[in-house]
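Peer 1: Each protein sequence line maps, in turn, to chains A and B.
For the first sequence, position 135 matches number 134 in numbering that gives the first Met the number 0, and the numbering has no gaps at all.
For the second sequence, position 267 matches number 266 in numbering that gives the first Met the number 0, and the numbering has no gaps at all.
Treat the hints as calculated values from the structure; they're not laboratory data.
Glycine residues also receive a C-beta, built at the ideal position from the N, C-alpha and C atoms.
Any given hint could turn out to be false.
Quick partial rundown of chain B residues pointing at chain A, CB under 8 angstroms, derived from the structure [claimed, not checked]:
no.	residue
1	Ala81
2	Leu99
3	Ser185
4	His204
5	Arg206
6	Gly208
7	Arg210
8	Pro213
9	Leu223
10	Arg233
11	Thr236
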Amino acid sequence: MKRGNGHSLPKARKDDLVTRQITGELLVYDLKRHKAFCLNNTAATVWKNCNGKRTVSDLAATLSNEHHSPADEKVIWLALDQLEKSYLLDTRTTRPVGLPPISRRSLIRAGIVTAVTLPLVTMITSPVAAQAGTPITDTVCFGRHQSDPGGCGNNPCSPPVGAKCVNGPGNTCKCQ
Amino acid sequence: MKKLDRLGWADGLAFRSYGLRIGVRVSDRAAMESVIDRLPPGWKPAASPIVDHLFSLIVGGQHTASHVQRFNLLYYDALRLARTKELDLLLKTFESELQLLVAEFARGRTFVHAGVVGWKNQAVVIPGTSFSGKTTLVTKLIQAGAKYYSDEYAVMDKYGLVHPFPRPLGVRRADEYETTRVDAASLGGTPGSKPLPVRLVISTHYRAGARWRPRELTRGRGFLELLANTVSARSQTKLAFATLPKALSSAEVLKGVRGEADEVVEAILEKVT
Chain A
0 MKRGNGHSLP
10 KARKDDLVTR
20 QITGELLVYD
30 LKRHKAFCLN
40 NTAATVWKNC
50 NGKRTVSDLA
60 ATLSNEHHSP
70 ADEKVIWLAL
80 DQLEKSYLLD
90 TRTTRPVGLP
100 PISRRSLIRA
110 GIVTAVTLPL
120 VTMITSPVAA
130 QAGTPITDTV
140 CFGRHQSDPG
150 GCGNNPCSPP
160 VGAKCVNGPG
170 NTCKCQ
Chain B
0 MKKLDRLGWA
10 DGLAFRSYGL
20 RIGVRVSDRA
30 AMESVIDRLP
40 PGWKPAASPI
50 VDHLFSLIVG
60 GQHTASHVQR
70 FNLLYYDALR
80 LARTKELDLL
90 LKTFESELQL
100 LVAEFARGRT
110 FVHAGVVGWK
120 NQAVVIPGTS
130 FSGKTTLVTK
140 LIQAGAKYYS
150 DEYAVMDKYG
160 LVHPFPRPLG
170 VRRADEYETT
180 RVDAASLGGT
190 PGSKPLPVRL
200 VISTHYRAGA
210 RWRPRELTRG
220 RGFLELLANT
230 VSARSQTKLA
240 FATLPKALSS
250 AEVLKGVRGE
260 ADEVVEAILE
270 KVT
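So here's chain B without its partners, still in its complex pose:
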């Protein structure tokens, strides 16, 4: 860490996010704008420079004399998270790791890896791993008129209400790994602003040609579906055990495979009365 500290840092920022004090420093001032663009929704600048978690970005670029491309490096405290020649990839890793940090250690909030939309002042939560088709379903629900809350995390408070985490959607085109950031407004959606009670939990994944014939789960089984996607399930177990059952207290939980997202959107929204 001392070696890192000795490097010349061009710019830095201390901010607060979900009760955490986080710092970012960059070796090239030009990278700061891209860093700020990737901070979690709702972040606020901190008055104090003292932080609990520190990210360091060393921008490599091209060496002027030798034409040698130097690596871009990303550190969390003294741990190297990434080493790549593509700055954009480094920034994506920074965004992902930062969100994961906030999701795991947020004070008083439980982050469930899930897509969320609001419909008739109630939340539809779609928990699932990456590549399960959450963003596709969220996109279609937004286009059908639902309010956008998140395509990545359902942020739940101690009352079980879901808060918005409206980062740009990470849309993945067919057979591609990399995601493209798409603003919800460009899809015709409006972001939700107020916390909502959960009305429906949809545990599903895409399978070509599948028909949507979900079965209803008990609240206890629904709890397991949410916990399996809860980032802080191990580190803040008691909080998750307090939050998730409250979130499910008036919710219906459906589980099943789905085909194309268009085919299930209507059925999902009809369930929310």
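Chain A with its partners taken away, still in its complex shape:
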């Protein structure tokens, strides 16, 4: 979505996502990238209101209304930065020329922290089944072949601790 001045407005991604609201937080799962996110209340409010029509000022006003406290536009930019990095926006937001990079620390230093909590998007990469399981031994890994269905499996293997069953020379697999 673009405004007449050529600036695109943020639009939340809807496809291939599983969401669940819990008290004070929003849980999101990206089915394409297999990443899970926890959005705090501020980040969730911004994300839910990104409809491709609202400007950053509109979002700041919405956030103020919902939290009954003034919200600086820099807080919105910080949220949009995090949401964009997490691939949770369909439309990239055009940053105004000259707007410096915004970090949580810079906002705290500038005293912009108000009753509105700073936005926070926490992310993990969802494990494949084997990563969430008990590891295999070197012998078991060596017994596999790259050409097997599922390849070497990428199971955690130990010893050595922290190694994974990955492709070895030729068609073999090895713990590395």
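Following the hints, complete the assembly by docking chain B onto the known chain A.
Peer 2: Positioned in the frame of chain A, the structure of chain B alone reads:
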């Protein structure tokens, strides 16, 4: 698969576990007892021989004439999982792969890689990867009087209640990779039988000399801690998204490194009121 099917199979078993129909066949009848010993807790023989998943164990042993030691082989359908001369290692792999299969595809249950004990009719869940010290902590909690639920998987239903998965504990001695199976009763513990609500989630790992000073996480962050250890996080995402938040609805989530397990047991149990 056809090649495998053509081999002479001495014995076989079809069983059900967490809604899955699984079969095991062995080339040597003597191995069947060890196979049965390693089936998941709560398995039941199936009336029908038709299965969705099939494991095949070819027992190598020693060739009588040539004294050549033949490999033991383990297959899941047509995929070879292991090839080793040590039968015990093959059986351990079978047990581990079978549990992983059940954990990933169980119907209506979410399996989180975690140790679980019951205390005052509530569950303490300790998610974590292998070598994070789950079994050590579970052992100490059992010795302090907690009921044993599992040292491997927290099995959660659609209401968020944790069910027992009371396999023998896989105790690993210092600097050893291999685990020894230890029955909870021999540690003075009693297995839990009824599903429990989660009261406490402890995300921790062992670090020599560390002091237990955990910080409390929000439920959302706690959800990520559990999801990071959920076997079916990718294959049954929607189920995990329905189950785990319910499990956390009345739970406290603590995260931090710990030192010796003895030093944290009391603090953990005191949290469960």
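Peer 1: Now, for every hint given, state plainly whether the structure supports it.
Peer 2: The hints, checked one at a time:
no.: 1; hint: Ala81; in the structure: 5 angstroms, holds
no.: 2; hint: Leu99; in the structure: 5 angstroms, holds
no.: 3; hint: Ser185; in the structure: 21 angstroms, violated
no.: 4; hint: His204; in the structure: 12 angstroms, violated
no.: 5; hint: Arg206; in the structure: 14 angstroms, violated
no.: 6; hint: Gly208; in the structure: 19 angstroms, violated
no.: 7; hint: Arg210; in the structure: 23 angstroms, violated
no.: 8; hint: Pro213; in the structure: 18 angstroms, violated
no.: 9; hint: Leu223; in the structure: 5 angstroms, holds
no.: 10; hint: Arg233; in the structure: 5 angstroms, holds
no.: 11; hint: Thr236; in the structure: 5 angstroms, holds
Going down the numbered hints, you'll see the structure goes against 3, 4, 5, 6, 7 and 8, while the others check out.
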